[in-house]
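Chemist: Here's the letter readout for the chains.
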Amino acid sequence: MKKIVALCLVLVLSLGLFSGALAVNEDAEGKIVIASSMYQFVLDEMAALMKEEFPNLEVEFYYKGTTDLISQLSGEMGPDHSGILSVDMLLVAEPAYSLELKDYGYLHRFDVAVKDQLAFPFDPDGYWYPVRVCNMVLAYNPEKNSADDLPKTFREFAENPAMKGVISMGNPLTSGTAFAAVSALTEKYGLEYLDALRANNVMIESGSTALGKLESGECKEIMILEESVLKKRKEEGSKLAVIYPEDGNVMIPSTAMIVAEEKSANANTAACEAVAEWLFSEAGQKAIVNGYMHSVIKDFAEIPFDSIATEKLIASDMGVNWENAYRGRNQLVDEWNKRVNN
Amino acid sequence: MSTVTIRSVTKAFGEQKVLSEFSQTFGDGEFITLLGPSGCGKTTMLRMIAGFEKPTSGEILIGDQVVSSDRVFIPPEKRGIGMVFQSYAVWPHMTVAENVAYPLKIRKMPKAEIAAEVARALASVHLSQYADRLPSQLSGGQQQRVALARALVGHPKLLLLDEPLSNLDAKLRESMRFEIKEIQTQLGITVVYVTHDQTEAMAMSDRIILINRGVIQQVGTPQEIYDHPANPFVADFLGKVDFLAGEAEEGRIRISGTDQWIPWHGAERGRVQIAVRPERITLSPDSGDLDGTLESKYYLGDVNDCRVRVGENLIRVIAPPESFASLSRGDSARLTFREFMLFPADERLEDSLKIMT
Amino acid sequence: MDKADKRSILRCHLTLMLLMVLGIGLVLGGLWGNRQYTDAGFTQENAFSVIQNLSDEAGRLYRDGLIPALAASGADSGSLEAASVSLLPGVWKDEERLLSALDGLTGEALKERQLRLLEVTWAVSGPSVKATQRRALAALSEEDMNRLVQGVLAGLSGQDVTLPDPAGSLLEGLDSADRRAMLAQILLTAVNRDGTYITADTVSEFKKAIRTDGGRITGWIWAASGRMNLFTRLLCSAGKSLVLLGALLLLDVALLFIWLLADRNWKLDFKWVAILLIIDFLLTFQVLPMLTLLFRSLFPDGQFSLQAITRLYTNELNLGALVNTLIAATCTMLLGTLIAFPLAWLVGRTNLYGRKLFRLLFILSYMVPPYVGAMAWLRLLNPNVGDLNLLLRSLFGLGDTPGPLNVYSLPGLIWVLTTFYYPYAFITISRAMEKMDPTLEEASRIAGASPLTTVMKITLPMTTPSLIAGALLVFISAASCYGIPSIIGVPGRVHTVTTRIIDYVGRGSDGMNDAMGLGLFLMALAILILLLSDGIVARKQYITVSGKSTRPNIVDLRGWRRPLTALVTLFALIVIVIPFATILVTSLKTDLGKSLFAPGNFTLGQWRLILSRAEVLDCLKNSLIFAAVAATVGILIAVVMSYMLHRTRIRGRKLSDFLITLGSSTPSVVIALSLILSMRGDYGIDIYQTAWIIIIAYLIKYLMMGMRTVVSAMSQIHASLEECSQIAGASWTRTMLRITGPLISPSVAAGWFLIFIPCFYELSMTTLLYANGTKTIGFELYEYWSFTSQPVACALAFAILLFVVILNFVLNRLTKGEFSI
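Chains as they are written, first to last, in this note's numbering: chain A, 9 to 350; chain B, 4 to 360; chain C, 478 to 1298.
Only chain A is shown next, with the shape it has when bound in the complex (with noise of 0.2 Å):
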């Protein structure tokens, strides 16, 4: 008898909930720690969907920026790089910092099932995944100038006099993001590009500041992630808008990683993993995509607000080679320090 029931009980777990979602997850037990620089409010979302997929597993999301985040683990990881770290997952910065990661030996191996329909490169010994796409766009404010009168083109950006002092981008050196669209646009047009950029006196700032400024009209353009435009766009009905630079938008993927068991905070890769196969799920994506950030899947039906279609995005993507940001990217701090930093 207690056989049927628990069939049947089986049975009407695995029809599922809600539209579309995965059987719940009962197996992944325990306790995790994921930390991510992905908005609150995504977390918050996330959280939310975790909870009733994984009903008997507890995810404490920690929010923490980017930098500050990479310069916690640091702490904790000691200058030994021997520490054990505070959290079990980690969904922020590029994968640069992933490689770093892995070099260092804080990674735990892991696979999903949709690793064939990534459109962005992950480890192929499986150490990190992309799990979300951001995107380095152009942006200006229509209300003070119209977009035919502002360059198209990255290359235009740094380069038209016009632009002269009116330009706003990242800090490479506190931005993983601004890191890795200077990267690019250096492999692109040369240690050149940095010249051109300082010739312009561009201002480097966070994309918060730099938005007020587009408002404020102190800066015409600027260089920023499409999903604080979009963000903003969706959220105050501001009218700032985004142009895609026709010689390439960069797209940075962010990595999901495991944290290797015994570095971890809980111990618990199992759920760990389970979890990850949940964010590469139609679920998490979505998610993700309500963040204003794009989907990794190939063909994802879902983009974010306002945006244009991932595929077009990735067709015209500049490409950033990861390797090269991460083993030469002491060099190339100091090429940034030496002719835009001074």
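Be a bit skeptical, because a hint or two may be false.
To be verified - Here are the simulated DSS-like cross-link-like pairs (lysine-lysine), alpha carbons at most 27 Å apart as the crow flies:
no. : chain 1 : residue 1 : chain 2 : residue 2
1   : B       : Lys-111   : C       : Lys-934
2   : B       : Lys-243   : B       : Lys-174
3   : A       : Lys-306   : A       : Lys-110
4   : C       : Lys-1071  : A       : Lys-172
5   : B       : Lys-160   : C       : Lys-934
6   : B       : Lys-57    : C       : Lys-912
What the hints assert, rightly or not - Pairwise CB distance ranges (calculated):
no. : chain 1 : residue 1 : chain 2 : residue 2 : range
7   : C       : Leu-1009  : B       : Ala-119   : 38 to 48 Å
8   : B       : Arg-274   : C       : Lys-833   : 35 to 45 Å
9   : C       : Pro-1040  : A       : Phe-313   : 51 to 61 Å
10  : A       : Arg-117   : C       : Ile-735   : 53 to 63 Å
11  : C       : Lys-833   : B       : Arg-136   : 39 to 49 Å
12  : C       : Ala-785   : A       : Asp-52    : 37 to 47 Å
13  : C       : Lys-833   : B       : Asp-305   : 54 to 64 Å
Unchecked claim - In silico negatives: residues of chain A with every beta carbon more than 10 Å from chain C:
no. : residue
14  : Val-120
15  : Val-122
16  : Ala-204
17  : Ser-289
18  : Ile-311
19  : Phe-313
By construction, these hints were calculated from the structure, which means they are not laboratory data.
Where a beta carbon is used, it is the ideal one built from N, C-alpha and C, also for glycine.
We have chain A; now place chains B and C onto it with these hints.
Modeler: Leaving out everything else, chains B and C in the frame of chain A:
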């Protein structure tokens, strides 16, 4: 040349009246003391003369010049006054010589002249050898003399002193008194001196202005005030005094609390206040107007300070030192008032005697 | 010397002796306990691989040993239990110690212990039975279970059986080796019918335990063997903490001995305890982390190397940053003092109109985070569309070119730094002026000097010590500031040491050492400044404090009254009103580019958001608590310290004072990093990611704010007041509480507030130290500014300002006007 004329000056801080109608003239070269208990307004008056406070009403003239009135106000630095403060106010970051030279430097006197004047000033206060010392290396009395030299170096027409000796010990106070008085006499400068110490006032002043709670009680020479106090407060403040209540009749006054009397030839009748100075009472074992008992005696070397009980009254008597040996406690003693003063029997005596704090 | 004295001396000596023995005991015990950890070889990887090997071994034995044994025995569950259990000694026998864990146990206890060990081994490293399946197995009836066991045994013996679900599904897809292992797991689960299933949490805990604290597992094993008692377990698990405690105790004893000897007064008073506690606190949470930092920077990889330091300090960008920092700090110091002195004089000593209002306005900038001001100046002085620039352009007909003023420059940086740090000098100088004997100035006036000459020749020289103290405070604050240079300097490529440190921190693990290396510069600077100020100020200490509470003479400005008031008003407008108004206005706009009065642009939405969002309120609660705790503990320390400085001649007091001052001049980032490094258990203390690490960081950084007020208040109370109390028989504590306390309470309240405010809106340290439950309002503000929405950030900033002003007002009223910054 350097008279001070004060016309109808009052001072109030908001609601609180600190000084009532004050009208006085200080003559050229006079040594005037503003005397009174703490908080009576004497310092305020001094500061108004100096220019650190503005009168609420009235005017002040130094010499012929109006320094303070409704329309005119001359700031302190332009009044040509010298002032010595209770805390000496000697600047610690300058040497003695620099301190004294300061007023002259302000006037942009040539260096040689300054040096000469400074030397003269220091000599007058006997501090020549300390010219290059810092104030922190001097004693209180020496610092005060520096302050004095500094106040006088510019040959001011008027010298103000705000309780300058209260921070010094008794012996020093006495010698400084003489020094100040000497300098004043030599220079012939007008001095306005503020103190609560009546001995100082008596010793140094040409005239004393006694103030209590912002009201002038009496103005006069030390002798006048001492011998003929205008009211019980003055009598009590200056010198020692015994107060006795009495009933005046034809030819005599009965002492309250006893059934004895003293001879009286004045016109007053009825209840009166007798004020008698202890040193004006003759103490004798056998003869005298009043009959009493010696309760206590204190030998002070130069006098014998006694307390004699007459009826319900305990009377203080300053007797010659020889009497100490001759009379013992408990002995019968007879007193004669050589001189005394009479005041209306005023319950408000206690009031006016209350010192404002 | 009478008997009572002799006895108390003896008692004192005995106590010291006892404490020393205790200290040595703790150190030795802790070292021993820690050794077990390393001796046993249970380091992180080691433990894990040992368990791994054991389970492999167990698996092999199960496969190759159990099966034939079972076949031979004729399987039934009872004998299976016995058989499997009998394998255990074989499994663990290679490990002497583990075997000894079972020593002495017999019968049921032994069986139970063995099963536990095996169970855990399997659970940790074997294939796992998922939760659902576990529950399904538990739901089986007795007879179903027996049938299952039979089936499992058959399967284990090589027979081909299909087991009913859930067991059947568990075996799906497993190769033969894993299949057997899984069968064994099912077996174990079935055998363990009393429901002691190991949960995922237990597995987690076990894994964490064996890797972070090998001592604990040793303790567990020993306890299992009945060998270990509470005492030895404590020694092993708390080894490091005990060593730390013991070391501190020994140090305390040594210090106590030296002091009592120097004092020749062998009496143990509570004041010694208080002083020692403070020193211990500073040593543990400030000196130790700093030294760790220093050590790791200079000895990367264990070898002394100046290579990193040389590389850092010859880097062109860094050198430029050093120069910028020095120039900026010096100019800010000079400009700030130049502004502060006349303002303090005008507001404190003259009859300027509106003095009270000005006084409040001038200390307003102290009450908000510095980068709030940077935000405002950005808006006002950016060369393209800055409001003030636009105004100037139209006033002077300068056309449309950018400028004339550019805030993204070194002068711009200096300007904003000055507007935010001059209050430090203003407050210090004001206080000194108030306390100065007014007759010193009056004597100058009578001597013929105009008020201005008096200020120059008398007031200025007299207040020089405070002037210098205030100036140096401005210098070091400007040099350690991060918020303003990051917003104003970096966009214009003007780097300072603090922004460079963050650049390196942002680089990740590589950059950490570099960041700390640069931090050394600021620490060296701080030490230099400290020595300087102590030297200069100490020498020129004039006793200018008047005993009487005389009202300072108010200088009548007469003809100058109106023009000077106008000038000061202009200054206040430019430096205070306009920036704060800008923030307020921005908080009410939706679109930054449009005017407030453009249609649809005015909104209270931002304000509503910050007042209603649960997160903001949470952060507010945290900020209040952390700041209040830090302020309270801090002011207690300050009181004890100031007592030490003024009433005793203890040799060590200057050192603690130095440490406290050093703490305040250390860049926040450095403090936070050093705490992260050292407070995760390396020295036996693990407060990482708790509220305590944040509070301690605040304390170290801001303790000094409260010290100055309390110290100067204490110095003004004549010792005789306390001596009176002591002669009357009151103990030290009572005297402090009843006599000194009330006398200095206004200063204590002021000092409390001075610590509270910067803690309340602190940012840099919180960013690195916060955990999910310990976010603060300063951090929230920074988040909004950098990542979300600037108008909301402005609303929050202004709200913080209002809050602090109201708090100041309330405190002022409560202490009847005595309290004011």
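Chemist: Would you list, in rising numerical order, the hints stated earlier that this structure does not obey?
Modeler: 8
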